[in-house]
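Visitor: So the chains spell out like this:
There are 2 protein chains.
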Amino acid sequence: MTAAVTFADVLVAADRIRGLVHSTPVLRSSTIDAELGATVFFKCENLQKVGAFKARGATNAIFSLDPETAAAGVVTHSSGNHGQAVAYAAAMRSIPAWVVMPDDASPVKAEAVAGYGATVVRCPRAERETTARRLADETGATLVHPFDDPAVIAGQGTAALELLEQVDGLDVLVAPVGGGGLLSGTAIAASAIAPEVSIVGAEPAAADDAFRSMLSGTRQPAVPHPVTMCDGLLTALGELTFPILLRHGVSVVLVEEEAVAAACTTFLSTMKIVVEPSGATVLAAMRSHPDRFAGRRVGAIVSGGNTDLAWLRG
Amino acid sequence: MTAAVTFADVLVAADRIRGLVHSTPVLRSSTIDAELGATVFFKCENLQKVGAFKARGATNAIFSLDPETAAAGVVTHSSGNHGQAVAYAAAMRSIPAWVVMPDDASPVKAEAVAGYGATVVRCPRAERETTARRLADETGATLVHPFDDPAVIAGQGTAALELLEQVDGLDVLVAPVGGGGLLSGTAIAASAIAPEVSIVGAEPAAADDAFRSMLSGTRQPAVPHPVTMCDGLLTALGELTFPILLRHGVSVVLVEEEAVAAACTTFLSTMKIVVEPSGATVLAAMRSHPDRFAGRRVGAIVSGGNTDLAWLRG
Chain Y
27 MTAAVTFADV
37 LVAADRIRGL
47 VHSTPVLRSS
57 TIDAELGATV
67 FFKCENLQKV
77 GAFKARGATN
87 AIFSLDPETA
97 AAGVVTHSSG
107 NHGQAVAYAA
117 AMRSIPAWVV
127 MPDDASPVKA
137 EAVAGYGATV
147 VRCPRAERET
157 TARRLADETG
167 ATLVHPFDDP
177 AVIAGQGTAA
187 LELLEQVDGL
197 DVLVAPVGGG
207 GLLSGTAIAA
217 SAIAPEVSIV
227 GAEPAAADDA
237 FRSMLSGTRQ
247 PAVPHPVTMC
257 DGLLTALGEL
267 TFPILLRHGV
277 SVVLVEEEAV
287 AAACTTFLST
297 MKIVVEPSGA
307 TVLAAMRSHP
317 DRFAGRRVGA
327 IVSGGNTDLA
337 WLRG
Chain E
27 MTAAVTFADV
37 LVAADRIRGL
47 VHSTPVLRSS
57 TIDAELGATV
67 FFKCENLQKV
77 GAFKARGATN
87 AIFSLDPETA
97 AAGVVTHSSG
107 NHGQAVAYAA
117 AMRSIPAWVV
127 MPDDASPVKA
137 EAVAGYGATV
147 VRCPRAERET
157 TARRLADETG
167 ATLVHPFDDP
177 AVIAGQGTAA
187 LELLEQVDGL
197 DVLVAPVGGG
207 GLLSGTAIAA
217 SAIAPEVSIV
227 GAEPAAADDA
237 FRSMLSGTRQ
247 PAVPHPVTMC
257 DGLLTALGEL
267 TFPILLRHGV
277 SVVLVEEEAV
287 AAACTTFLST
297 MKIVVEPSGA
307 TVLAAMRSHP
317 DRFAGRRVGA
327 IVSGGNTDLA
337 WLRG
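Each protein sequence line maps, in turn, to chains Y and E. The first sequence begins at 27 in our numbering and counts up by one. The second sequence begins at 27 in our numbering and counts up by one.
Hints in this document: simulated from the structure, not taken from any laboratory. None of these values were measured; they are calculated from a predicted model. One should not assume that every hint holds.
The list makes no distinction among identical chains, and a pair is therefore deemed to hold if it is satisfied within one copy or across any two copies.
[As the list claims (entries may be wrong)] Listed below are the simulated SDA-like cross-link pairs for lysine to any residue, each with C-alpha atoms no more than 20 Å apart in a straight line:
id	residue 1	residue 2
1	K135	T296
2	K135	G275
3	K135	T292
4	K135	S55
5	K135	T291
6	K135	V249
7	K135	L260
8	K135	V146
9	K135	P122
Excised from the complex, chain Y in its bound form (with noise of 0.2 Å):
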């Protein structure tokens, strides 16, 4: 049996995180209501600390180890926000941290995960696994899972914890899903307080892994190569994570590229934030299945901010 993570989780995680990340604002836009015949409310987490909600389980994850492990350091691999957010944690709590990622990820990315005092390791895309394993055999650190861990599913959650708190009588939470960290500890900690929410996930019709496991009922493997502007939803879902998905009676809708490039034009144009493509799914999926959204008030995560601008020039 793995290790299950509770509401009592996220609760205390929303304690230990607390002062260490952004509790970040709820915006809304009457133009979108409008056009969604819906009342929305998005948990900007493309506000949070380094630029998506990531930083709230890594946080929670790092500042969870005892001191005797935590001094070891801890050593993640990604190329995206987690890898980002390990850094930014590892750096509050002063401590070494070791991000692999593969030889051909951006120097952009390298340098923002240098930028907070993190060791960048290059290596082979293949071998980025056991590269990331050998440096924690090597240096006694501590694997931080970017969402196959329950501490990081427990800090995740309190993004929607800090939601429900900011907002009443939502009918329906939507986060995008990629490894189902996001969406799971969203499902725990929203219905333990208002379980009359359903929970919807979106996802890349490119990369549609975690749709397919849940129509199933069994856990699919990613797409490979998916062709998709949403570079954080290429991994299928955990051995943690789908369980929780199951339980929760979560279910997840597709979304086409041009519905999630369009979301990212409005983000910026009329609401005037950043958000990244994964990111902006949630509102894709909004406009993509409007009979689900339609009548109703939703809580919408908005998971990140950071990106190149790539869908407004093109």
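Given the coordinates of chain Y, assemble chain E onto it according to the supplied hints.
Guide: Same frame as chain Y, now just chain E:
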């Protein structure tokens, strides 16, 4: 004697516009704090209704009208944020609005105003004021000046009022200055709540009439045809706003265009928010005059987010 604007007027305005405009979030950036050696609280009026603080003043002015006067509608001349704000507030009060715009104003801006149900009236650029006055005479509509109106100034002061309720112990408040509506409202609110706070206006060097007005103690006319991307800060101080700024010992600092463009980019890439050049002057000011802000707790009013992002592509 022109009508004085008091702190009581700001408090009444705050009550009057509550629920009609957003209480905007205060955002922070540890990256920017580290760069400036200051503790900066960004009051995000770019996330306000119509994308700018102008919604506050226009809403207060329009909801201050007695029912009979209001029924005849309102008129203004503005191709910028104030035009949208008047259109928005008139729509909220369900009264007619006419917004006079020069023939060469962008269709996008005219569409935004028309989108709120206001009537856009085109005329040659030189005839905007006379056209607005004629419309007021013909229709009985009330002219709502973009800044030199006590109700507008009191409304703009609610941004600082909110910020001072959200953040304790500020040493400095910095806000952009064009006609001086926002800056004078800020001075009135701050001097009543926190008289120890110094008030700084940020002005483009290319349109430095406020800077020269404050230095000389005599109101200077607007710089003719200024070359600046800060399209919201072209006008000179008003008959009402100038004495308020003088009385409160407000100082004005100048910023160069390059610094404004760089600040826009920092807001976008580091803070994940869209800020128009006029609003980015506050960050440019902190960078260009570090001695005024280093070591201090600074409230910076980010005035608006309505931009075509030309500074990003340029």
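Visitor: Taking the hints in turn, state whether each one holds.
Guide: Here's how the hints hold up against the structure:
1. Taking the shortest alpha-carbon separations for K135 and T296, only the inter-copy value of 13 Å comes in at or below 20 Å, while the best intra-copy value is 28 Å.
2. Neither within a single protomer nor between protomers do K135 and G275 lie at most 20 Å apart by alpha-carbon distance, with minima of 36 Å and 46 Å respectively.
3. In this assembly of identical chains, K135 and T292 lie within 20 Å of each other by CA distance solely across copies; the values are 16 Å between and 25 Å within a copy.
4. Within a single copy, K135 and S55 get their C-alpha atoms only as close as 31 Å, which misses the 20 Å cut-off; across copies the closest is 18 Å, which meets it.
5. When the C-alpha separation of K135 and T291 is checked against a cutoff of 20 Å, the pair qualifies only between copies, where the shortest distance is 17 Å, while the shortest distance within a copy is 23 Å.
6. Proximity of K135 and V249 under a CA criterion of 20 Å is satisfied in neither setting, with 24 Å inside one chain copy and 44 Å between copies.
7. In the homo-oligomer, the alpha carbons of K135 and L260 lie at most 20 Å apart inside one protomer (17 Å), although the nearest pairing across protomers, at 39 Å, exceeds that limit.
8. For the homomeric pair K135 and V146, the shortest alpha-carbon distance inside one copy (10 Å) is at most 20 Å, but the shortest distance between copies (47 Å) is not.
9. Taking CA atoms no more than 20 Å apart as the test, K135 paired with P122 passes inside one copy only; the shortest distance there is 18 Å, against 51 Å between copies.
The structure shown violates the earlier hints numbered 2, 6.
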